[in-house]
Every structure is written in structure tokens, then in C-alpha cells.
Amino acid sequence: MRIVTHKTIVEFCKKHSDSTTALEDWYTKTLEENWSSFADIKKTFNSVDSVGNKRFVFNIKGNNYRLVAIVLFSIKIVYIRFIGTHKEYDKTDCSNI
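Residue numbers (the working numbering): 1 to 97.
Hint data in this document are derived by calculation from the structure and do not stem from the laboratory. From a predicted model like this one, the values you see are computed outputs, not experimental measurements. Mixed in with the good hints, there may be bad ones.
[Unchecked claim] With beta-carbon atoms standing in for the labels, derived distance ranges:
#, residue 1, residue 2, range
1, I97, H6, 12 to 22 Å
2, S37, V4, 27 to 37 Å
3, K61, T5, 15 to 25 Å
4, V51, I75, 27 to 37 Å
Think of the CB as a built atom: it goes at the ideal place given N, C-alpha and C, for glycine as much as any other residue.
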């Protein structure tokens, strides 16, 4: 998969250095994949949730952080839309990010 953009991860890790290993692991695994469906994502990340509108929520570092991404299976692109703490995530409307 192609990920847009790694800069989002780098910037988040500057503020939350304890997330670096987990986010880089997510990034590396995602790059190596060739997902065609939600079931494929589930095989890679068992705790992922689909929240509709092509958006998927990934638990990062034991659910301390959340990453929301739009996954476009047909063109193999993952757009990172949000990375935040679980508390920040609870305040968001995933359908709008």
C-alpha cells in the first residue's frame, strides 16, 4: 500500500515520543501489504475497526493512541486522517476527518 503521508507520523511522534515504535511498526507493515478488503486489513491488524465512509480506526500502542485512515483499495492508497490519544479520538467524528 502507498501511505499519504509519513510526515503526519513524524510530527505526531515529536509530541508523543512513546508512540514512535508502534507507529513506525504500523507504517512498515502497511507499506508491505496489498489490501483488497477490510478482511485483509483484519489479517494484518486484528484490532482495526471499520467506521464507514472508507475510514478505518487502528489501535496504536495497546490502544493508547488511535490512527484513522481512509483506505482506497482499488488504487492501493492509505490516507492518514488523524492520529491522537484515545481521549482525543473520543471527541472526534470519524466521518468528517
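Looking only at beta-carbon atoms, does the pair K61, T5 fall within the given range of 15 to 25 Å? holds (20 Å)
May I ask you to test the hint 12 to 22 Å on the CB atoms belonging to I97 and H6? holds (18 Å)
Consistency of beta-carbon spacing, V4 to S37, with hint 27 to 37 Å: violated (20 Å)
Could you tell me whether the CB distance from V51 to I75 stays inside 27 to 37 Å? For I75 against V51, whose Cβ atoms are near 20 Å apart, the range 27 to 37 Å is violated.
Checked against the numbered hints given earlier, the structure breaks hints 2, 4 and satisfies all the rest.
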